[in-house]
Every structure is written in structure tokens, then in C-alpha cells.
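S.K.: Chains as they are written, first to last, in my numbering: chain A, 1 to 156; chain B, 157 to 898.
Where hints are given, some of them may not hold.
What the hints assert, rightly or not - Simulated pairs of lysine-lysine, DSS-like, Cα-Cα distance not exceeding 30 Å: (1) B:K427 to A:K129; (2) B:K427 to B:K454; (3) B:K485 to B:K347; (4) B:K319 to B:K347; (5) B:K780 to B:K317; (6) B:K303 to B:K342; (7) B:K319 to B:K414; (8) B:K891 to A:K129; (9) B:K780 to A:K150; (10) B:K454 to B:K440; (11) A:K13 to B:K317; (12) B:K485 to B:K780.
Honestly, the hints are just simulated from the structure, not real lab data.
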Amino acid sequence: MTSQSITLDVNGKTARLTIDDPTMPLLYALRNDLGLHGPRFGCGLGQCGACTVHLDGNAIRSCVFPAVSAVGHRIVTLEGLGTPEQPHPLQRAFIDEQAVQCGYCINGMIMQAAASMSSNRNPTDAQIKQALAYNLCRCGTHLRIVRAVKRAYGTA
Amino acid sequence: MRNTLSLTHSVSRREILKLGGLVVSFALPIRLMATGKNATAAADIPKVVAPDRVDGFLAIDRQGSVTVFSGKVDLGTGVRTAITQIVAEELDVPMARVNVIQGDTLLTPDQGPTYGSLSIQNGGVQIRLAAATARRALLLEAAHRLKIDAQELTIDAGVIKPKQGKASIRYGELVGRRSLALELDKDAPLKDPGSYTVVGRSQPRLDIPDKVTGRFTYMQDFRVEGMVHGRVVRPPAIGGTLLSVDADSVSNVPGMIKVVQRQNFLAVVAKTEWGAIAAARQLKARWSDWRGLPDEDKIWDYVRATEIVRDDVTSNRGNIDAAIAAADKRLSATYDFAVHTHGSIGPSCAVAVFEGGKLTCWSASQATHNLRQQLALMFAMPDADVRAIYIDGSGCYGRNGHEDAAADAALLAQEVDRPVRVQWMRADEHGWDPKGPPTLIDMQAALDSSGGVSAWYSQFYGPDGVAGKVKLVAAELAGMPHENAMGPGGIIAGTAVPYKFANVKTLAHRLVSTPLRPSWIRSPGRMQSAFANEAFLDEIAAATHTDPFELRRRYLTDDARAIAVLERLAQLANWRLRSADNQANSSTATGRGMAFVKYENNRTYVGMVATVEIDRTTGVIAAKHFAVVQDCGQVINPDGVKNQLEGNIVQTVSRTLMEQVRFDRSRVTSLDWQSYPILTFPDIPQIDMELIDRPHETPWGVGEPSAAIVPAAISNAVFDAVGVRLRSVPFSSDKVLAALKA
């Protein structure tokens, strides 16, 4: 396999990296080449949602999305959404609702909700649950997660 | 100047911070900082880790910052925050000035594995005592220095000062000249809970801001300089042998370093993570077939036929044989509970390195001290040459694959002589994490003419063995030294019942083997026992036309805290007995079921009422609502406890309704989230809960007890709705339909 150099637009910054396999998913570029911790490896199958990032504002599963296909698109990760000092309203709401246990799935919950709710202010519980229906949490933090999403968007 | 050696701070704050971050030095220099004439004689001396010493658990530096060395770790449950609260409260310092180091065999005392809902009950209470001992020593020292009676001193934010007057002295100044090398004093005065300002009040969890912004470093994020990546290639049939490996089949993988084979242990190491994944997928190997697992459809026949190596009698009162023989009416039923996987969302991960003949391993293990012993055994090294360091991982609900990933990483680190990170893939986790064993329970009761219970007899069938260690996959596959005993956890602890029946016998038949490597998963054995006990009690209530609430209250006799929980529950749930008959004609039916536990018959009380809806056509059960009341004694962080309660219920609804590890004669076949589905958002129940706070009582565990009774509460609610008993977890729609037709 021949290596190639690609440029990714991640969290508003340009990153150049060399990849030696065009099938390598974006997740590995973000985590290992760029050192990001937000997107997480959960299943590598697109089933759990822990790896979710935004591609031009849409939620995608970065564990099954080739890095080369992200070239020319705007990628935002959990880190790009906000910081502990300046959190995104959803991140603020997850803190306020204490909507975390181990937190491993939370990246996916926040990134999926941020993308799904961008066009739906004042979502109902049922709409939130449907939006997150394909994101898995094992600790059973679901009730708090729904409350957090509702808090973030309920009054917007 | 006193000539006592001053153990102010064995590890500098900078070094401690390194442990939680990305920068790591392999051989962490541990320096004793001495004062006075020994000031220049700083030497490499290990930090005290004795669990009977204050400096085992606590250090205070010159700035007054407190470092806690906790053997118990935060598995995503909020233990770090709760322990911070306990220390901040007892020492009267702000929480922001307390830092917690967890589960590092070089730095923290061995407080036992983080399991069994004991982190606060045992670990936190031990640390509280260390803080109380330190507090008294600091007060006495301040009294000496200020020449004021200790009784006249108060402490505020780490500053000791007289109730009247201006003189004051800070903790940092005191310990700068005085040792914390004190024996833990079991009589050290504890603060009066009535004066608490931190404990007992909901405190935001310390880890959450970083976890929701991507700043947190999980085990899976941890990196070490020079580190390379490993992936394991497990036998396709669990007991298969490796016949041949074609290393050339991966020679074209970029960054390929090595194909590692030791007996049946097979793995690849590459420079990049994706390279390791590609190589593991591409590697050609031939394995022998093996068909040593039982037929899944006949699992309960298999369990019943398994050789019993020992009977444990967990309670025995009166004479059940005579009572059963004399009974007016007898009742019997068999309950079973399927094999479950932990299902951590992040598969297990570890980093290991051998350096100078010593092994350092970073792991999300809930038991780093045990892991150290296991790795020492595996590599024939002294325990002292192995250091295991905890880093928070994806939630673990018992002994999942973390320790096994650590053994994989250590073996590969030895093979390639550099730091290796091993990340299990999803199929490795679902296929090879140790499982909650299949459990069978026979119940029998004798009823007297007045509707009372004259005898209660239960027989539990589960694997032999205790908690603590589970053999490491890599050690077994590679033919390296390892434990042979099974470690299913303390599975018999919930077999006895809190009900004061005249004649009771509870018996656990311990089996010589179980199909898949067993370990403990949240409420191990106790959930299975509580399922059988509390559902069978509901059967008795139905057979005797008694309200299940009244039946429980009658036999809990003089246990005031148990009765208080039940009565609060009846109020919270607006409990009343209903009949299934009036819903007979509708396509869906709703029912409510009660369950109760006094965990292990000696601690946390939980009562629960589940409301379920059953679709008679599809056989699908929806768990709609839970009302829960818990008395866990003193509550440290009320919101943290509620978070655990919610998690216990939602996770156990999933286990009860959906979960079952599938296998054929050779292997686990449920290797992803499609074949092992778990509960998702649209199906989560609503929960109302109430905590009975008893600030003057011992704080008891909360991580398991409420989970234990979810299966029975649901089963009882199903009976209330449609009049059929579900005695086999999971309550899958095919079982429900079969029961409805029967």
C-alpha cells in the first residue's frame, strides 16, 4: 500500500496527515494522529454511536467512515463543540443534569443530539428518545441524558 | 525542631498530576522529603501503602493540598467525588483542595477490589478514619504550637484557629514540620454528622466537566512515548489449538512489527493502531476444531447434570423436612437466569511495558492489587516488580475484560521489548470477557391452613469458587502460570432470606464447572437469588390470597428499617392489590409487582414496585415505571446515589427483558450489539425514587442492591397483568407468548 498525504478540517483547524491505508476510518485519524479524546472506539461497526462526530453539521459514525472521505468537509468533534470553561449549551446541560456515569458513550449522546436537535427546538421526550435510539449506554444514564437534552433545547 | 522524620508528601504534586495525564515517567521517582538535618538526605523510599497508617491514605503538602490514596477506584459510579467529600468533610478543607489517586499498587493501600458495593461502605469509611486520625493529630499539634487547649480550637478551610482570638495556623505549616506517620486510630473522634456541610449534600461530580468536553483521559486514550499497538487473534473455537500461522500473510501491512505466537496465544503488533487491526484481520492461521460447550437449548439440563462439588448451607432454621411433610399445601417452582455479558461500551484496553526487568501496566482493572499478583504469577516475577496503575475506563459492572487486556499487553510488551497498547475489538469483548454464569434455583414452600408460610427451601445451582481473581486468558492460552479455580464472585451471598419463616433452609449446590469462564457481574448470584426469592414470595402471596406487601411485612417482623422502607414504598407507589381478570379482553395489559431486598441480609434495604405493559399479541413487555425506596444508611452524595439507582434499574431492565449470551458448541455467537441487543432510549422506564437518609448510621453500598430486585419486580408485575409466571430470564417475547398459551 502506498501512503498518501491528506488534509482534514477539524474543529476549524487544518490538519495534515499521512495515511497508509485508504480504508482507515476517520476515528483513528482523529484519535491517534490528532490526539483527540472526544470520539471514542466502541464497536467499530457503527452500532453504538460512541465515535460520533459532525461532518458538515451531520452526525456520522467515524468508526466506519474512511478518513479520506472526510477530505474537503468540515469535521467537528466534542472538543470543537465547547470546553469545560466555555461549554456548548448541551455540554452545560449534561453538567447541570449530572447526566454521566462512566461517560464513555456521552460523546455520542452529545454529538448526536447536537446534530438532531439543530432543526428541532423544544423537542418532546419522545423526539429526544427517537433521536438517540441508536446510541447505546450501558450504565443506564438514559433518563438523565433525556433531561439534559431537554434542558439544553427546551427553552431555546 | 522535633527529630521525627517528616513524611509530608512522598510524591510531589507534579508527579501525581503526571499520573492522571498523558505524560508518564516509567520509573516514577518516589522521594521522601525530609526536614531539618535530614533535609538533604532525600532518598528513593517507597511510599507507605499500609492500610493501617494515615500516610497510607493521606498526604498534606505545604500549601495545604490534600492527596488521598484510595485503593478503591471510580468505575464511573462517582466514588472519586464521594471520597473527596468524605475527606473534605472530615478534615474541614474545601473539596477543591483534595485530589484522589486511585488504585496504583505503588501508591495506594490494597483496600480490596472495587466490587460488591463496598467502595464507600468499606473503602470510604477506612479513609474517613484516616482523615479523623489526621484531624486529631493536627489539632493537638496546633494546640501545642499555639499554646491553646485543643478544645478551644476550630478548623475552617484547613486553618486551625481559636474560637476566640486571632492566632491561627494552617495545615500546610503543621505538616511541614510534623509527620503524618500515624497508626490509624479506630477510636479517633469522627465529626458529628449533624455538623456536616459537604457530606449528605448533592455535590456535582468532579469528572463530568472533562467527560462531556473530551478533556478526560480514559484508559482507552492513554498513550506512552514509544508505544506500539497490539491486537489479539483468539481461537475461533474456545478450546481450539493453533495448528499453524502464516506470518507472511501480513508482511504487506504497513508498520507491521511482529506476529506473536505462544502456544494458543496469537497476536499481532504494529506501529499504528489501524495497522494492528488490519493485520489481525488479515492474518492466516489454522486452528483445530473444538466442541466442548453444551447445547444451548439444553443448558438447564446441563447445569442440573453438572457434578456438585460442595453444598453450602447458607441458612438453616427449624426442620423443613418435617414442616413440608406436614403441610396442608405445598408450592414449588424452578427459576433460571441466562448467561450475561458485561457489555461495557468501550472494549477493554491496557498498556504495558517491561523496563529493567520490571513490569508496569496501566489498566482500568477494578482490582489492580490482584492484577499485580496475577501478572507476577504469569511472568514468574516477584509482586514487588510489577506495578499496576488504574486509569478510568469505560464503565465496568464487575470483572470484565480489563485484566485480560492487561495480560495481553504485558505478554506483547515482553515480546517486542517496548510499550504496547492492546485494545480489544467488540467481538473480543463480547466473545471473551468472562460471563455471568447460568444459574438455576429450585424453590419449595409449605403453607399452613391459615395461609402462613411454614417452610421455605431453596436450592441454588451455581459454579464453585469465590470472588477476587479470574484466570487471565493470555496466561491460559500461552501456557503460562495462572489460577485454575473459577472466580464467579460471591454468588451465594443472597441465597438466604430476611423473612422469619419458622422453618427455613437455603442451600447452594456448587458445581465443578460452568460452560463459559465465569466472573461477577453486577449483583452476582444475588440478583439471581433475589429473582427467585422475591418472585416465589409473590407466588406464595397469590396462592394464599395475601397482599404481597402484607406478606412481606408480616415476615419481616421486628426489622424496623425494612418495614419503614416497605411502608414508604407503599405510599410512593400508591400500592393496592389488583386483579388481572378485569383486563382479560384487552390486547395489552398493565400490571404492577413488588420486590424487596435486604442486601446480603445485612445491609442496604430496597423496595420497588414495577409497572409493566404486556402486548398479548407480540409477547413484548414494556417496563413503564418504577417506584423505589432505599435505605442505605448515611448518604454521602444524594444525587450520586440517585444516579446509581437509575442506572441499576435501567441496566437491569435490559438484562431482564432482553439479554442472553448466545453460543454454539464451539464459541460465543453473540459478538456484537445486534446479536446481543440491550435496552435503548425508546424503551426506558420512568423512575420515582425516595432515599431514606440516616446520617448517623453506617453508609452502605448502593451500586448493586437496587439492581437485584428488578427481575422479580417485573415478573410479579407480569403476573399481576396477565396471570402468568415468568421464571426464566430473559423474559423474551417467545417465552411470554408460550406462557400465555400454556
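S.K.: For the pair supplied as a hint, K319 of chain B and K347 of chain B, is the alpha-carbon distance within the 30 Å limit?
M.R.: Holds: K319 of chain B and K347 of chain B sit about 17 Å apart, inside 30 Å.
S.K.: Taking only the CA atoms, is the gap from K427 of chain B to K454 of chain B under or equal to 30 Å?
M.R.: Distance ~46 Å between K427 of chain B and K454 of chain B Cα, so the pair is violated.
S.K.: Hey, K780 of chain B versus K317 of chain B, does the alpha-carbon distance stay inside 30 Å?
M.R.: 55 Å, violated
S.K.: Take the C-alpha atoms of K485 of chain B and K347 of chain B, compute the straight-line distance between them, and say whether it is at most 30 Å.
M.R.: Between K485 of chain B and K347 of chain B the Cα gap is close to 55 Å, so the pair fails against 30 Å, i.e. violated.
S.K.: Within a Cα-Cα threshold of 30 Å, do K319 of chain B and K414 of chain B meet the stated pairing?
M.R.: 69 Å, violated
S.K.: Given the hinted pair K303 of chain B and K342 of chain B, is their Cα-Cα distance within 30 Å?
M.R.: Holds: K303 of chain B and K342 of chain B sit about 27 Å apart, inside 30 Å.
S.K.: For the pair supplied as a hint, K485 of chain B and K780 of chain B, is the alpha-carbon distance within the 30 Å limit?
M.R.: With a Cα-Cα distance of about 35 Å, the restraint between K485 of chain B and K780 of chain B is violated, given a limit of 30 Å.
S.K.: Please work out if K13 of chain A and K317 of chain B have their alpha carbons no farther apart than 30 Å.
M.R.: Violated: K13 of chain A and K317 of chain B sit about 53 Å apart, past 30 Å.
S.K.: Holds or violated: K427 of chain B with K129 of chain A, Cα cutoff 30 Å?
M.R.: 41 Å, violated
S.K.: Has the given pair, K891 of chain B with K129 of chain A, been kept, meaning a C-alpha gap of at most 30 Å?
M.R.: 27 Å, holds
S.K.: For the pair supplied as a hint, K780 of chain B and K150 of chain A, confirm whether the alpha-carbon distance does not exceed 30 Å.
M.R.: 20 Å, holds
S.K.: With a cut-off of 30 Å on the C-alpha distance, tell me whether K454 of chain B and K440 of chain B pass.
M.R.: With a Cα-Cα distance of about 34 Å, the restraint between K454 of chain B and K440 of chain B is violated, given a limit of 30 Å.
Hints 1, 2, 3, 5, 7, 10, 11, 12, counting from the list given before, are not met by this structure.
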